[in-house]
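One letter stands for each residue in the lines below.
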Amino acid sequence: MNNLNNIYSLLKADYLLKIGFLFGDFVFILFLIVLIKQVFSMNQIINDTNDSAFIKSGAIFLLIIAVSLFLVALVIL
Amino acid sequence: MPDVFVADKNEAEQQTENKTSDAPYIAKSDTNIKPVTIESSPIPPANRVHLFTSLCKNPDDISFQNQDEGEKPLLFIRKDFVTNTGWILTGIFLIFLPVLFSVTQYSLHISFNLLPERFGLIFLFFYYLLTISYWYINFITWYFNISLITDRRIIDIDFSGLVYKNVSATKLDLVQDVSYTQIGVIRNFFDYGDVLIQTAGTLDNFVFDAAPRPEDIVHVVEGLIGKSHE
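If you read the protein sequences in the order shown, they are chains A and B. Mind the numbering: the first sequence is residues 0 to 76 in numbering that gives the first Met the number 0, read in order. Mind the numbering: the second sequence is residues 0 to 229 in numbering that gives the first Met the number 0, read in order.
Bound-form chain A, shown alone (with noise of 0.2 Å):
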């Protein structure tokens, strides 16, 4: 019985950690979507030709990291 206890509360921290996880990087992803839309607003009100383009992908590189992050971890953890 103590035994049984011990393995429900290791999966119980195993589930509480992974949705603990997933929660934080979905408030991150949200966080980058708002990042994006400030960087493309900025680039409306400030266009440098040259490099508007890379900045611009970096955000969206940011937020494309965070999405593959999340399905990973939706996945194997």
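In case anyone wonders, no lab produced these hints; they're calculated from the structure. Note that CB positions come from ideal geometry on N, CA and C, so glycine has one too. Any given hint could turn out to be false.
[What the hints assert, rightly or not] Cross-link-like lysine to aspartate or glutamate pairs, in silico, DMTMM-like; alpha carbons within 20 Å at most:
1) B:Lys56 with A:Asp50
2) A:Lys36 with A:Asp50
3) A:Lys55 with B:Glu116
4) A:Lys55 with B:Asp60
5) A:Lys36 with B:Asp157
6) B:Lys78 with A:Asp50
7) A:Lys11 with B:Glu116
8) A:Lys17 with B:Glu116
[Claimed, not checked] Pulled from the structure, derived: some chain A residues nowhere near chain B, Cβ distances all over 12 Å:
9) Asn2
10) Asn4
11) Asn5
With chain A fixed as given, assemble chain B onto it according to the hints.
Chain B alone, transformed into the frame defined by chain A:
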């Protein structure tokens, strides 16, 4: 009897006229400074603004919202790149922090494995994602903090913390005075400082924080004010 010295007299008059009309900037301490126009300013001709540019004269690849037809940017100013040292070093420290943590664990023969193994890698990736984001956010905060001086107005764009955005502009006619302060060893060594542009009446003043080569910027703005007040 014809006048023999007419030519010299005209030349002298022309010289005095030039001194009064084309010399908008004469420093009190040094009267030998050349009359200022944007062409004769000491800022080097670099027309292309690249990713790390903090000062550029006559940028030809910059456009901005509500730009008038024919309005030409003359000076493009960001904070001096040296001001980014803090967050760059912090980012480097954050990158090496997990390595330091592991080395400490190994050398002290202790273990802090609070997380299950399968979580470790995912959490490490997430940690590095946060670190790169920290770098990126600090970089764009610097990148979008821009001051522009065009042939018609002065524009100051403030951007910080992703949620604060302030764009202010004033016509050159309304600029009354321009000055700069350079306090501290680091600012003097790297030649950057705060440029204060005072405007008429109750309008807000403009402050270009940590602008590179503030003396040159003041020189150019004073030249432009002189032109606009003529």
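Outcome of the hint check:
| no. | hint | in the structure |
| --- | --- | --- |
| 1 | B:Lys56 with A:Asp50 | holds, 17 Å |
| 2 | A:Lys36 with A:Asp50 | holds, 17 Å |
| 3 | A:Lys55 with B:Glu116 | violated, 35 Å |
| 4 | A:Lys55 with B:Asp60 | holds, 17 Å |
| 5 | A:Lys36 with B:Asp157 | holds, 17 Å |
| 6 | B:Lys78 with A:Asp50 | holds, 17 Å |
| 7 | A:Lys11 with B:Glu116 | holds, 16 Å |
| 8 | A:Lys17 with B:Glu116 | holds, 13 Å |
| 9 | Asn2 | holds, 18 Å |
| 10 | Asn4 | holds, 18 Å |
| 11 | Asn5 | holds, 14 Å |
In terms of the numbered hints stated before, the structure departs from hint 3 and from no other.
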